[in-house]
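Put together the whole structure using the sequences plus the hints.
Top to bottom, those sequences are chains A, B, C and D. Residue numbers are given in full-length UniProt numbering: position 281 of the first sequence equals residue 281, and the series is strictly consecutive. Residue numbers are given in full-length UniProt numbering: position 54 of the second sequence equals residue 54, and the series is strictly consecutive. Residue numbers are given in full-length UniProt numbering: position 429 of the third sequence equals residue 429, and the series is strictly consecutive. Residue numbers are given in full-length UniProt numbering: position 131 of the fourth sequence equals residue 131, and the series is strictly consecutive.
No wet-lab data here; the hints were simulated from the structure. One or more hints might be untrue.
[As the list claims (entries may be wrong)] Taking CB as the label site, the calculated pair distances span:
no.: 1; chain 1: A; residue 1: 215; chain 2: D; residue 2: 107; range: 45 to 55 Å
no.: 2; chain 1: D; residue 1: 222; chain 2: C; residue 2: 396; range: 12 to 22 Å
no.: 3; chain 1: D; residue 1: 434; chain 2: B; residue 2: 166; range: 29 to 39 Å
no.: 4; chain 1: C; residue 1: 138; chain 2: A; residue 2: 427; range: 38 to 48 Å
no.: 5; chain 1: B; residue 1: 166; chain 2: A; residue 2: 134; range: 52 to 62 Å
no.: 6; chain 1: B; residue 1: 166; chain 2: A; residue 2: 215; range: 35 to 45 Å
Yeah, the Cβ is synthetic: ideal placement off N, Cα and C, and Gly gets one too.
Each chain is listed here by its residues.
There are 4 protein chains.
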Amino acid sequence: MTKGLKIATIGGGSSYTPELVEGFIKRYDELPIRELWLVDIEAGKEKMEIVGNLAKRMIEKAGLPIDVHLTLDRRAALKDADFVTTQFRVGLLEARAKDERIPLKYGVLGQETNGPGGLFKGLRTIPVILDICKDMEELCPNAWLINFTNPAGMVTEAVLRYSNIKKVVGLCNVPIGIEMGIAKLLDVDHSRIRIDFAGLNHMVYGLDVYVDGVSVREEVIEKLTDPANSSFVKNIEGIGWEPEFIKSLGVLTCPYHMYYYKTRQMLEKDMKNADGEGTRAEVVQKLETELFELYKDPNLAIKPPQLEKRGGAYYSDAAVRLITSIYTDKRDIQPVNTMNNGAIASIPADSAVEISCVITKDGPKPIAIGDLPVPVRGLVQQIKSFERIGAEAAVTGDYNTAVLAMTINPLSPSDTIAKQIVDEMMEAHKEHLPQFFGKKEVVKA
Amino acid sequence: MTKGLKIATIGGGSSYTPELVEGFIKRYDELPIRELWLVDIEAGKEKMEIVGNLAKRMIEKAGLPIDVHLTLDRRAALKDADFVTTQFRVGLLEARAKDERIPLKYGVLGQETNGPGGLFKGLRTIPVILDICKDMEELCPNAWLINFTNPAGMVTEAVLRYSNIKKVVGLCNVPIGIEMGIAKLLDVDHSRIRIDFAGLNHMVYGLDVYVDGVSVREEVIEKLTDPANSSFVKNIEGIGWEPEFIKSLGVLTCPYHMYYYKTRQMLEKDMKNADGEGTRAEVVQKLETELFELYKDPNLAIKPPQLEKRGGAYYSDAAVRLITSIYTDKRDIQPVNTMNNGAIASIPADSAVEISCVITKDGPKPIAIGDLPVPVRGLVQQIKSFERIGAEAAVTGDYNTAVLAMTINPLSPSDTIAKQIVDEMMEAHKEHLPQFFGKKEVVKA
Amino acid sequence: MTKGLKIATIGGGSSYTPELVEGFIKRYDELPIRELWLVDIEAGKEKMEIVGNLAKRMIEKAGLPIDVHLTLDRRAALKDADFVTTQFRVGLLEARAKDERIPLKYGVLGQETNGPGGLFKGLRTIPVILDICKDMEELCPNAWLINFTNPAGMVTEAVLRYSNIKKVVGLCNVPIGIEMGIAKLLDVDHSRIRIDFAGLNHMVYGLDVYVDGVSVREEVIEKLTDPANSSFVKNIEGIGWEPEFIKSLGVLTCPYHMYYYKTRQMLEKDMKNADGEGTRAEVVQKLETELFELYKDPNLAIKPPQLEKRGGAYYSDAAVRLITSIYTDKRDIQPVNTMNNGAIASIPADSAVEISCVITKDGPKPIAIGDLPVPVRGLVQQIKSFERIGAEAAVTGDYNTAVLAMTINPLSPSDTIAKQIVDEMMEAHKEHLPQFFGKKEVVKA
Amino acid sequence: MTKGLKIATIGGGSSYTPELVEGFIKRYDELPIRELWLVDIEAGKEKMEIVGNLAKRMIEKAGLPIDVHLTLDRRAALKDADFVTTQFRVGLLEARAKDERIPLKYGVLGQETNGPGGLFKGLRTIPVILDICKDMEELCPNAWLINFTNPAGMVTEAVLRYSNIKKVVGLCNVPIGIEMGIAKLLDVDHSRIRIDFAGLNHMVYGLDVYVDGVSVREEVIEKLTDPANSSFVKNIEGIGWEPEFIKSLGVLTCPYHMYYYKTRQMLEKDMKNADGEGTRAEVVQKLETELFELYKDPNLAIKPPQLEKRGGAYYSDAAVRLITSIYTDKRDIQPVNTMNNGAIASIPADSAVEISCVITKDGPKPIAIGDLPVPVRGLVQQIKSFERIGAEAAVTGDYNTAVLAMTINPLSPSDTIAKQIVDEMMEAHKEHLPQFFGKKEVVKA
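Here it is as structure tokens:
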């Protein structure tokens with residue numbers, strides 16, 4: 001380790017990369033990176049070069065001895081890596097736009113992580129992740145896989161169940177966003193806030209929230225009844241909870257809960273957006289085009305502030321503090337996706353959960369919370385069922401299993417509509433679903 | 001016991017009573033009843049007399065020495081009873097009609113057992129049941145409480161959690177209806193069929209189905225894709241499952257699953273019915289009026305065949321075979337609602353489940369099934385959360401808890417609409433919800 | 001199945017065989033056996049012929065069309081069998097005598113099933129059982145394996161964990177012996193007794209006991225304080241429980257519990273016996289010699305009454321009623337060793353337990369008991385740890401694991417003495433422990 | 001909190017007090033104590049004054065503004081306390097000497113924490129602790145109870161089950177002693193060592209051990225086979241594990257495991273000591289006499305180095321770092337006794353365990369470990385059964401329950417001897433067991 005660390009970032013051409021690089025620069029003292037390998041596929045080559053050159057300029061400006069490598073050769077990037085981060089998007093934003101738009105045609109929310117759209121994102125992504133895992137077994141068996149690729153819950157579940165890579169952590173910027181949002185709400189520094197997170201990715205609850213170790217849960221919940229406070233991530237506008245509901249629920253929600261506890265309003269909003277400014281993917285596509293224009297500027301050597309609108313706020317913080325804590329055996333508490341191991345009683349011990357963990361060099365160690373409060377246990381279990389069946393469909397390429405996963409999603413209005421959506425999406429994403437089309441024709445009724 | 005058994009039937013004026021009486025007559029050899037006490041409230045007195053006189057004629061015709069008592073004095077009926085059966089309906093069918101109609105105004109299924117309507121049925125019923133339990137502690141502490149009153153799952157949960165009566169069984173005719181339906185489907189005698197039932201009331205699955213002990217699950221599931229076969233109870237018309245869905249689900253469903261896996265179609269159907277022939281409650285009201293006309297006929301001394309349309313098919317069989325098996329320590333297998341006790345891993349050990357049990361004199365002993373299949377675990381857990389929070393609202397009379405219960409029901413489209421429905425139903429059922437109105441005004445936003 | 005059943009009995013030369021044959025004869029109406037294959041190894045050939053000929057005479061006398069085959073070819077016996085029963089003894093009674101005597105030299109009880117002796121019985125037996133399982137996979141994949149070979153708990157655990165045979169039941173005559181003993185104690189017919197058994201093989205408790213379904217637990221426990229009543233099997237003489245102990249324990253014990261709750265007295269007794277009449281194995285050896293003399297008598301065509309002294313009382317009843325209930329899908333309750341499946345909360349779901357089950361054609365279905373009473377939970381868990389580590393040692397042939405298993409046995413006084421006993425027993429049983437000696441020399445300190 | 005903290009130390013006259021005071025002085029910067037109340041009973045008044053005056057001199061020498069109060073009025077000491085620490089000994093060392101000597105007369109180890117002696121220590125201590133808890137509810141409901149009084153496991157279990165005080169932590173110097181011992185063994189600084197502790201008090205295992213976050217488990221286990229390394233606390237001399245045993249066990253043991261895995265040797269040693277230098281209590285009595293002579297010296301104003309022989313090494317470190325971490329919400333990892341909450345799967349969620357926890361202002365949060373390794377699960381469960389039944393006996397004063405607890409202790413050789421030991425100890429400790437004698441005469445056979 002004296003020679004410094006090697007990081008391989010799959011999907012290196014992502015617009016998020018400057019966030020990550022900024023993070024590496026800030027924590028260089030603790031995290032002595034020597035090589036940063038950005039790897040992408042042919043279709044992402046141009047973007048990777050733009051963002052890669054920005055990365056080089058940022059590092060140069062910081063005066064750090066980090067070598068940035070840009071490559072299409074994933075195996076070269078993985079070879080002897082210490083950490084592998086994944087932020088790729090199979091089918092790019094075009095695919096996400098389909099994930100969002102197609103369900104809407106059937107009067108159903110697309111919800112591109114835990115919802116119908118998320119199922120197809122999982123079906124496209126999981127085979128690629130498992131392929132990366134196979135390469136890692138061979139090329140960097142001691143590396144940690146830090147996965148940011150959504151749906152992070154289903155992907156982490158799939159890696160735990162279907163690969164031999166055990167050193168995997170799923171990471172999301174939602175919990176850190178909630179922490180930051182509450183810090184702002186209470187006007188205290190982020191470092192003084194601690195939240196007991198437990199649940200699943202994008203279905204995580206804050207069982208309690210503390211300032212300097214003293215619970216302020218009731219005060220925060222009171223504030224959550226104000227629409228202005230109910231969302232903490234840029235990409236989901238808050239609607240506000242009914243005071244009676246949120247008070248008796250008694251725990252902090254995450255922004256994605258609005259899809260499940262405010263389904264009808266969110267559907268109306270998404271439909272209106274789809275007819276207006278476009279779905280979130282389409283909005284982001286425009287943002288990204290603008291971002292890459294900025295990135296091209298040879299005089300730019302910092303992360304441009306416009307990136308924050310992109311929705312990845314605190315992404316860099318979350319990612320780099322996790323990697324740093326693993327590398328330095330810091331033993332601080334962070335919310336990540338990892339194997340449950342009994343920390344939440346009603347979720348199987350071998351399933352992925354998103355939970356506050358102590359981060360050690362040996363990986364995240366979840367803090368036992370007993371069980372989730374009764375009112376949230378059901379919805380969490382339902383998303384867990386969805387994640388498991390979705391992961392199974394992704395791995396087996398079994399069409400019926402995909403219909404099952406879609407039907408049991410809480411946003412699905414019936415088996416019949418689920419099947420219709422699956423059929424249309426299967427066709428739309430055909431090129432990225434070889435496991436369903438390679439082996440045999442999709443059976444249709 | 002030599003003097004014969006005393007049965008107390010709360011809600012004795014129900015149109016179902018002749019079913020029950022028929023059952024007692026058929027099994028008299030095994031179940032030597034000496035006294036049958038039908039008890040009802042003032043408002044049900046007339047009906048009780050009509051049906052009570054029919055009961056007397058039926059018993060007389062059978063030539064059995066069973067004394068039928070008709071009374072408004074519940075305590076007299078309970079005194080030294082061996083079995084207490086409950087089939088009352090707080091607010092009568094008028095209340096059920098509201099349970100079904102009000103949610104429809106908000107574009108939401110009423111579903112009067114596990115759905116939004118069922119919540120209010122629970123809120124009305126649970127305090128009465130707990131009151132009966134208190135009387136039983138004093139007047140017949142060794143009696144078994146056999147509860148048929150819906151929502152049977154939430155009611156059984158409430159008795160287990162909030163009363164001292166441990167000898168309680170919740171009973172439903174849905175599982176026996178499925179057995180009968182499958183027997184017919186396969187053209188074999190009912191006695192040759194066995195199903196491994198597990199789940200919750202009206203949310204029960206058949207994990208496997210056997211003829212003479214040999215699994216025929218795949219054959220039966222194949223048949224379930226035919227709409228004509230997808231329902232086994234008279235009061236829910238089958239729509240048919242998508243073959244891909246039901247085959248990958250891999251277990252037998254119950255008719256009530258259509259509300260959850262075919263929500264949109266069921267909503268359309270219920271709305272159409274509400275505009276046409278009326279909701280199920282309204283249809284039943286008409287049927288009941290006709291039934292009571294028949295019951296009045298002094299020459300009638302049998303259960304009239306028209307009763308079967310009422311929806312309570314096999315009710316008598318289910319009820320009397322359960323009581324008989326307890327009384328005779330028969331040790332046969334029957335699906336009932338009882339304390340889980342670890343039989344289903346992902347449901348708390350102290351919660352009510354509907355599961356195949358060995359029926360002994362010491363009560364039902366659930367057969368351990370390990371855990372529910374992954375795809376159904378989520379929905380079952382969600383209904384269990386709903387039952388628990390609903391029961392808590394019924395006991396505490398806390399308005400916020402009622403809003404919470406309504407919001408987390410899988411049929412609820414949002415916290416906002418949930419609150420609106422709660423408000424309208426709370427008002428509509430005011431007279432039967434003293435726990436919410438007696439203590440303090442309902443808080444409204 | 002019209003052609004009748006084929007039974008293969010491994011260890012057919014056992015002195016128990018006439019018991020089994022008597023059982024088959026008695027239940028022939030329900031259990032239409034056409035072929036009974038007795039199979040043994042070369043060393044047991046003579047005994048098998050003696051006992052096989054007696055079997056033939058018994059069947060002839062009963063006038064039944066059952067063909068008895070005597071063979072040394074195990075594969076021929078297994079081919080297309082419906083039930084495979086195992087009652088063999090690797091190393092014969094000579095090996096058992098060593099299991100009992102060697103530990104005594106170190107001041108330690110041999111206890112040849114759950115104790116130090118039992119470990120070596122397991123080490124000798126498990127590889128042979130797993131070999132039979134492999135043959136079954138190929139030759140009779142649909143057959144049920146009914147294992148009587150001790151240590152039945154460790155053997156069933158090993159089959160569940162290390163073979164592909166899932167249709168396995170471990171059977172013991174201890175529970176039926178307790179039922180019979182209590183029937184006698186209470187002077188009621190055996191059919192009226194039911195006991196809720198739960199625990200492990202030879203470590204099973206009766207959580208409650210009923211006559212005609214009514215609990216008589218307290219009365220029975222009171223009687224268990226009388227030494228005359230404290231044992232129900234012929235081969236363990238009762239010593240009597242301290243009244244304070246058994247009353248606060250609150251559950252029925254099995255005779256083998258005396259080794260664990262009366263260790264010092266049992267050790268004194270066994271040491272005295274070893275110096276006097278011989279260990280149990282040595283006593284049985286004499287009994288067996290006498291029995292085989294009787295069996296040789298060509299005029300004998302019934303099970304001789306002397307067999308009862310052998311210790312296998314009710315063995316025939318237990319075995320044949322189990323096979324009959326499986327074959328006829330009888331759904332009666334029997335205590336057997338099977339996969340826990342959540343029936344006992346503190347034992348892993350995938351471990352073997354001895355528990356009251358409903359016996360169906362699909363196998364035994366354990367009745368959920370919640371959890372064992374607190375005072376017995378520890379000892380049961382300790383034996384379960386022993387069974388699992390013992391099974392692991394048997395399969396891996398790892399010497400250190402054998403020392404570990406011996407050390408954690410509750411009868412073991414220290415790691416040092418455990419190692420000494422292992423070393424001496426390993427040498428004494430060398431020829432039957434190829435997994436330890438074949439691969440490499442046993443490591444010694 | 002601006003005014004500084006109030007600490008109440010019950011059993012303030014203990015020879016350990018200078019340790020504690022030294023710790024408070026060292027961490028004064030983080031832990032601003034204003035009042036330290038030492039409280040003791042009449043019989044301990046003289047010792048308290050000696051040690052209290054030493055405490056005053058130590059604080060004065062350190063120049064800190066901590067007021068030391070010496071009192072016999074427990075309620076005054078508890079009033080508005082922030083932390084309550086308990087280090088009292090009901091019956092003093094005389095009672096411990098009986099706990100150790102009486103069982104030896106029956107050839108049984110006394111083992112004064114988890115063994116037969118420990119049962120009586122628990123029976124004497126638990127009623128007093130529960131009484132303190134009642135006072136705390138009234139006088140300092142927000143205080144933390146930090147219990148050092150042995151048997152810390154049984155006592156913590158009792159507080160969790162039988163009092164309303166939920167802010168309780170049981171503390172022991174064994175884990176920190178192991179950490180220190182291993183640091184020395186590996187010649188690295190203590191701060192670089194981390195151990196994943198899990199189990200029960202004095203029955204705790206180190207599932208893994210890390211230096212700078214990297215596992216060194218195998219290396220450490222190798223070293224544990226050397227007798228010189230097998231014990232890490234002054235009061236238990238190491239004997240050394242059999243290499244085969246400890247390697248296949250695969251986890252770190254604690255010194256008290258020698259009583260259970262080396263029972264016979266420990267018995268021989270304890271018997272020899274009892275005949276020679278005296279039992280541990282008797283040795284400690286002499287040490288204490290010497291210590292108090294030293295403490296009297298008005299020129300002594302530091303903790304005398306001789307205290308270390310007493311066996312409480314690192315006691316101050318463990319106690320003060322725990323209190324400091326709670327007070328400052330430090331979120332570091334410490335092994336303490338707290339409610340399991342699912343952290344160890346095979347132990348009930350509501351039982352006390354000793355486990356590595358994150359220490360927050362809201363108390364210790366256990367880190368989920370999944371389950372204990374199979375070979376240790378049994379012994380841990382057995383001690384947990386013992387602790388629970390022992391606590392029940394202490395609370396109910398039921399003689400039969402005490403006999404049950406003694407019988408199920410792994411060191412007990414039989415129910416008969418258990419009863420004899422109980423009888424003799426009950427008589428010997430009569431004055432400190434009012435719950436057994438107050439209500440009714442102890443029943444004897």
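Hint by hint, here is what the structure shows:
In this structure the supplied range 45 to 55 Å holds for residue 215/A paired with residue 107/D, their Cβ-Cβ distance being about 54 Å. Our hint of 12 to 22 Å for residue 222/D and residue 396/C holds, since their Cβ atoms are close to 21 Å apart. Hint check: residue 434/D to residue 166/B, Cβ distance near 35 Å, so the stated range 29 to 39 Å holds. A C-beta distance of roughly 45 Å is found between residue 138/C and residue 427/A, which places it inside the suggested range of 38 to 48 Å.
Between residue 166/B and residue 134/A the Cβ separation comes to about 55 Å, which falls inside the hinted range of 52 to 62 Å. Taken as a hint, the range 35 to 45 Å holds for the pair residue 166/B and residue 215/A, whose Cβ atoms sit roughly 37 Å apart.
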